[in-house]
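Q: Sequence:
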Amino acid sequence: MVEALKKNPAWKGRKGPVVLLIMDGVGYGKYKEGDAVADSKMYNLDAIKALSPHTRLKAHGKAVGLPSDEDMGNSEVGHNAMGCGRVFNQGASLVSASIASGALFRGQAWKEIIAGAKGGALHFIGLFSDGNVHSHLDHLKAMIRQAKKEGIGRVRVHTLLDGRDVGETSALEYLDPFEAFLKEESGPDFDARIASGGGRMWITMDRYGANWPQVERGWKVHVLGQGRQFTSAREAVETYRAEIPGIIDQDLKEFVIAENGKPVGTIEDGDSVIYFNFRGDRSLEITAAFEEDAFTHFDRVRRPQVCYAGMMEYDGDTHVPKRYLVSPPSIDRTMGEYLAATGVRTLAISETQKYGHVTYFFNGNRTGKFDEKLENYVEITSDILPFEERPWMKCAEIADYVMEAAGSGKYDFIRLNFPNGDMVGHTGIYQAVVCSMESMDLQIGRIRKAVDEAGGLMVITADHGNSDDMYEHNKKTGAVERKADGSPKAKTSHSLNPVPCIIYDPACKGEYEHAAGEGALNEGLGISSIAATCMELLGYIPPADYDKSVLKMK
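In numbering that gives the first Met the number 0, the protein residues as written are 0 to 553.
Hints in this document: simulated from the structure, not taken from any laboratory. A quick note: this is a predicted structure, and the numbers were derived from the prediction, not measured. Positions of the beta carbon are idealized from the N, C-alpha and C atoms, including for glycine. Some clues are possibly wrong.
For lysine-lysine, the following BS3-like pairs were computed, each having C-alpha atoms within a straight-line distance of at most 27 Å [to be verified]: (1) LYS140 / LYS5; (2) LYS321 / LYS140; (3) LYS31 / LYS474; (4) LYS5 / LYS372.
Here are the computed distance ranges between Cβ atoms for each label pair [to be verified]: (5) THR476 / LYS372: 55 to 63 Å; (6) GLU242 / GLU512: 27 to 35 Å; (7) ARG299 / GLY101: 33 to 41 Å.
The task is simple: from the sequences and hints, build the whole structure.
A: So, in structure tokens, the structure goes:
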């Protein structure tokens with residue numbers, strides 16, 4: 000339990016609420032060509048920015064707890080940082096350190112996995128890239144090598160092809176070297192092969208219960224070996240690309256590797272399974288399929304009795320999975336906990352795709368509320384269809400609710416997430432991204448009017464970049480990389496770009512420097528500064544160890 004925040008005696012108060020508006024995946028682009036944010040008609044956001052002090056915040060790499068500044072930020076670590084006001088070492092860093100020190104292999108979970116696979120096979124399921132957002136191939140290779148050392152005779156890998164955190168058609172750049180790695184490691188006493196796969200947005204990696212049929216497809220292909228058969232993963236990728244022109248890796252259909260018509264790697268009783276993604280959101284559903292007795296989301300046909308482990312604990316409240324290889328960061332004393340202890344009435348809202356981010360991740364990987372009476376969490380159900388087909392997503396419905404809430408007098412603090420810039424950005428379809436930005440901008444304008452009428456204020460920011468960097472660029476020259484037909488090569492991953500922080504406070508009473516433009520706010524900070532900023536705008540003194548606010552208080 001935390002103590003209530005102390006009031007700032009110099010704060011003169013506002014009539015309405017503080018609204019934290021998170022534009023998911025919206026940053027300041029490094030390149031003019033491919034910056035869909037700058038290329039969009041963001042009239043409302045531009046008008047707010049022209050009236051307000053604003054700055055740029057770091058949202059990637061070490062600023063959000065990732066191993067290096069070459070690592071892209073993501074929504075999970077971004078919301079962790081904004082919600083807890085400090086920087087914790089995150090999944091990739093923790094796993095890499097645990098492998099380097101050998102702690103992972105000395106842990107009880109690993110020992111149980113090895114013991115469980117001695118009479119059968121050790122299966123690895125996970126995102127197959129080095130994007131370092133959900134997983135990293137180096138972690139997989141290290142575990143395969145260690146399994147071999149410890150006498151495991153058969154390893155099967157079930158590949159979830161990326162094309163989202165890495166190049167959209169880069170699958171073979173990972174599959175070919177990995178096949179060579181497996182061939183080198185294999186021998187008379189060690190048989191390691193790829194057994195199945197498919198695109199991450201087609202099988203297995205759903206989140207927030209948005210699309211259970213996606214998980215069912217993964218279960219059938221990984222566990223049951225049901226799916227179109229190929230002799231190799233390369234053959235599967237090349238075949239689907241030829242049959243479905245323009246398909247990108249994340250959408251590739253499922254495949255099963257077979258010999259003489261028989262799958263080489265179904266999951267059977269007596270096997271062990273490691274889900275090697277370290278990030279929790281897209282790990283919970285497949286974990287439930289393996290672990291839950293009273294599972295009702297689809298017919299599993301058969302549920303093999305296996306020793307199952309996740310790379311990390313994906314839900315600290317419900318302790319899922321039961322067995323995990325690396326402990327997640329222990330994030331305590333979050334902003335939400337402090338606000339609840341202080342009696343601040345809070346609304347958190349987004350649509351399904353980002354609902355967990357303004358709740359679970361914002362609260363330090365905690366599922367429940369801190370105070371049922373003070374907090375209201377609202378989920379607007381997302382559409383289940385390709386995001387480019389509805390690039391506006393549910394931003395209007397989110398805005399409807401926020402506008403009513405802002406004027407209701409029921410809330411002191413409202414936090415919302417517009418997923419458009421991230422979810423549509425990942426499609427790589429430029430026109431759709433521009434549409435998503437302009438749709439979101441219309442809703443920002445509506446919320447601004449509601450905030451004005453309520454006498455409140457807004458903090459507008461983002462968790463990481465994405466829509467600001469929609470084309471692949473040559474790292475040395477900065478030139479756009481192009482396809483054979485001369486069109487730009489789409490980029491579907493996050494960016495390394497900074498994100499905005501705009502303080503819209505039309506009723507400012509002079510408690511802090513409030514000149515419009517850059518310069519009035521503290522510079523060089525990361526998105527972890529958002530927590531202290533919001534606390535100050537609510538009239539409270541942030542905890543001493545929170546990262547500095549952007550406000551220059553007088």
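Q: Can the restraint linking LYS31 and LYS474 be considered satisfied, given a maximum Cα separation of 27 Å?
A: 15 Å, holds
Q: At the C-beta level, are ARG299 and GLY101 separated by a distance inside 33 to 41 Å?
A: At roughly 35 Å between Cβ atoms, GLY101 and ARG299 fall inside 33 to 41 Å, so the hint holds.
Q: Mind checking the hinted window 55 to 63 Å against the Cβ distance between THR476 and LYS372?
A: 58 Å, holds
Q: Hint check: LYS140 vs LYS5, CA-CA at most 27 Å. Holds or violated?
A: 50 Å, violated
Q: Holds or violated: LYS5 and LYS372, Cα atoms, limit 27 Å.
A: Status holds; Cα separation ~21 Å.
Q: Within a Cα-Cα threshold of 27 Å, do LYS321 and LYS140 meet the stated pairing?
A: Status holds; Cα separation ~24 Å.
Q: Starting from the hint 27 to 35 Å, judge whether the C-beta atoms of GLU242 and GLU512 obey it.
A: About 60 Å separates the Cβ atoms of GLU242 and GLU512, which means 27 to 35 Å is violated.
Violated hints, in rising order: 1, 6; the structure is consistent with all others.
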